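The listed protein sequences correspond, in order, to chains G and D. Going by this note's numbering, 268 is the number at position 268 of the first sequence; the sequence numbering is gapless. Basically this note's numbering = 1-based index in the second sequence + 282.
If you're looking for bench data, these hints aren't it; they were derived computationally from the structure. There's no promise every hint is true.
[What the hints assert, rightly or not] Label pairs and their computed distance ranges (CB to CB):
(1) His402(D) - Thr228(G): 45 to 53 Å
(2) Val95(G) - Thr501(D): 36 to 44 Å
(3) Ser233(G) - Glu451(D): 53 to 61 Å
(4) Gly551(D) - Ser5(G): 55 to 63 Å
(5) Thr217(G) - His402(D): 54 to 62 Å
(6) Ala100(G) - Lys317(D): 16 to 24 Å
Every value quoted in this text rests on a predicted model; they were computed, and no experiment measured them. We treat Cβ as the ideally placed atom computed from N, Cα and C, and that holds for glycine.
Protein chains: 2
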Amino acid sequence: MIVESSLTETRRIVRAARQQGRSVGCVPTMGALHKGHVSLIENARKDCDFIVATIFINPTQFGPNEDFTRYPRTLDADLELCRAAGADLIFTPPVSAMYAESAQTIVRVTRMAQVLEGAHRPGHFDGVSTVVTKLFNVTEPDRAYFGQKDFQQQLIIRQMVLDLDEPVEIITCPTIREADGLAMSSRNRFLSVDERQRASQLFHTLKLAESLAAESTLTPPEIAQQMTNHLKSVNGIDVQYAVIADSATLECLAERSDFAVALVAAKVGSTRLIDNQILRFR
Amino acid sequence: MIVESSLTETRRIVRAARQQGRSVGCVPTMGALHKGHVSLIENARKDCDFIVATIFINPTQFGPNEDFTRYPRTLDADLELCRAAGADLIFTPPVSAMYAESAQTIVRVTRMAQVLEGAHRPGHFDGVSTVVTKLFNVTEPDRAYFGQKDFQQQLIIRQMVLDLDEPVEIITCPTIREADGLAMSSRNRFLSVDERQRASQLFHTLKLAESLAAESTLTPPEIAQQMTNHLKSVNGIDVQYAVIADSATLECLAERSDFAVALVAAKVGSTRLIDNQILRFR
């Protein structure tokens, strides 16, 4: 496994692999890797001959009052996980190599990036779509792998790739969960024992939505209200949103639909968590 | 020479050429080709083994009150010029293939795209940078060729390529001029005989700036004032700007500099023309 911080050298190594006829899979990460990331690399390993994981804590996707500085940095452990999962190349650029002082270009997905996470984290998705475009341009993958946990993110990246004709296929991989259902996240390590226990209520809220969709005749707004009520009944959870949206456009659903996703965001103590669940209405 | 309107087929043809070890040059155009475009294709022919010219009148770079509908469409003559200049592949996508109804992604260069043309044509450069990114993603060229006549455009595309790590080298080719100095432009055909004669005053204004820079001790603002005065002395020319700017950032220059460009924009009758000249101060 090669660890490389230079953009041009990374591009050269990937191109050499492609020259040998190997297909290229890319797994963009911000480090602080967990089993969710490992499963992305393992999925890439199944489909592709040469796997590039990128580790870059992208400053432009954090708001001024967000947790960029405290975001966990665990490079040695990350590299070990990447090696064990079968990555061939780890691209770890410094911030200065990714963003020159003169940099002034953004890639912006408009409508879909304004709701939900986009509404709560202004500018976040501009940072995501811009850095992902850059990472694709450096690593030139055939396929790139994202987790379903960040549902809106993978949808926005799919939209961007479609709209800009980026020559890469986006693969969304299932959310990996702890035993009690909490979605794996690099931010889970910020939770106290108490908060960690409460955090699984996001999952239980989604399970509630899933069963109400499958077994009741409630409308999406009615189910969303029950989700909100459920979350609000837990002390120490600050609900940011609990909605049922069209799983292709993220527009909130008024009526039952074959393309529905329940999405929640909540602060547990000072840690902001998100999760989601595809719904099947009966 | 192949003429192809499908994105996927164009990508396949270019990739097949690359597979054979051929380097790829791209010349993006909006058709209505003239000797300026021909020189771009000829320059590409010198550097590259496989030349793709694109012909696409991009609606998103025209403002609501601009000349999208009257922009000249001369496909048969364009293809003849491309063939004679040595292009291998002409990509002529329909608007519907480039912009789905669901499309919502823009590539935006910020600072540099807000001045001069950007100030007079709001949204114009969003359209340019977005479509050029798309054309690069479809044709995956090693090099792409732009005319110096659109000075701000080539600078913005360079900035975008740099900022987004797009794997393409931008080559700027000299402006091609008529005998009286008027820069070749697809819009010149809109000029009446009378307007056509007056239009060469843009060039003479730039020559005035060039000689004042080389031979006087005037500052850039003083020279710019003389340019404006000169243009205003011509009946039927509506000056939009006449400035001397830093040739890398497009910020207006207060002092003489080694990196200076004079830029003019003016309406001659109903036709908007632009031109520019790199300056060498003595």
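* Out of the numbered hints, which ones does the structure contradict? -> Those not satisfied come down to hint 6.
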